[in-house]
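Here the structure of chain A is known, so what remains is to put chain B in place on it, guided by the hints.
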Amino acid sequence: MPWDRNQMAARAAQELEDGMYVNLGIGIPTLVANYVGDKDITLQSENGMLGMGPFPFEGEEDPDLINAGKQTITELARTSYFDSATSFGMIRGGKIAAAILGAMEVAENGDLANWMIPGKLVKGMGGAMDLVAGVGRVVVVMDHTNKHGESKVLKECTLPLTGKGVVNRIITNLGVLDVVPGGLKIVETADGVTEDELRAATEATIVN
Amino acid sequence: MKKVYANADEALDGLLRDGMFISAGGFGLCGIPELLIDALVKSGVKDLTIASNNCGVDGFGLGKLLDTRQIRKMISSYVGENAEFMRQYLSGELELEFNPQGTLAERMRAGGCGIPGFYTKTGVGTVIADGKEVKNFDGQDYILERGIVADLSIVKAWKADDTGNLVFRKTARNFNPPAAMSGKICVAEVEEIVPRGSLDPDLIHLPGIYVHRIIQGQHEKRIEQRTTRKREEA
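From first to last, the protein sequence lines stand for chains A and B.
Residue numbers for the first sequence follow UniProt numbering, beginning at 1 and rising by one.
Residue numbers for the second sequence follow UniProt numbering, beginning at 1 and rising by one.
Just so you know, the hints here were simulated from the structure itself, not pulled from any lab data.
Only true hints are included.
With the C-beta cut set under 8 Å, the calculated list includes, among others, these residues of chain A facing chain B:
id, residue
1, P54
2, F55
3, F88
4, G134
5, G163
Predicted, not measured: the structure shown is a model, and the values here were computed from it.
Idealized CB from N, CA, C, for every residue including glycine.
Excised from the complex, chain A in its bound form (with noise of 0.2 Å):
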């Protein structure tokens, strides 16, 4: 059985470490934050914050008190507040750990498309781009196929590119692989998922 959103969710928690600070994207890499267990994990928020919260109580929600996804959030005792051009700097100077992140389309030189899909509606890059130059480590979670059932892992990107060879990990729903010199290697399958299972679904080089 292929994992499911929590499944990959989970597994992606298990790339962080006691002491990280850490930026989770939007989608299943926010559900990373119920799988930190008992590590100390400092999430940063890119619009100004470290140390977020989970979403507030019912009628406690604070207008000045917001995540990158414009969501409702809460501060914690080690919460520090501060502003874009500081936040951005502690993300381009590699001082944040690690980013996962949802993608489009991952290419076996770590090249990452996330952000448009042209003639569609393009809503811009957010912080995307700096995000994936500046973390000290990027991972990707995301389905391993697109709903037509073609391989989101490839050779090349075809989509605009969000960042050229930054991927170190993805995630996906049939397993884990490697961006390596000369391709993809493969770490581990999901539960249930043969080696060659996960070959045939990945247009990308895997390298033993």
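Relative to chain A, chain B alone:
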């Protein structure tokens, strides 16, 4: 030194002209200069170029200036929340320059700090790098981005004293300090102007040197995505 004005109309008096370049603070609808935006609408100033991370939503924030066709060009990182924006953009009425969010913030900060350009690895190898100088430092490519110096910046803070020292609240700080720094003239609207000496000098977020005019007023502070959890989950 008189920085405190009675209202937004008076604070913008003499500062506006068609075709001008404005830097605006705020992220989404959080920490946006609501009162100054309303005054811009009222003034009728047009052909504006505005550097702001977003462009409000339909009918609120900078979206109001779209409804009245006062904006010619936006410099933003994300504009997905606004149907009128997309309509004007797709019909060619509105120009749009996408900047990565951190690049936009740093362009504002740099412009305010007398730095006309800086090199960043954000956007290397993407469409953002098209036409920009590429320089290699220590084996890594970087692209040249320009500092922004705006004719006017409009920002929102929580508290100010009458000398323009500003304190922001939580994530409503966001783009406000860099936007303020990037303007030749900065007008700030705040929730409360407090007596000189009542803000702790060690806890000023933006020194008054960057702020030329101040108004106090009531803010709607609309929430874009109201997300909550149930009590029993605690």
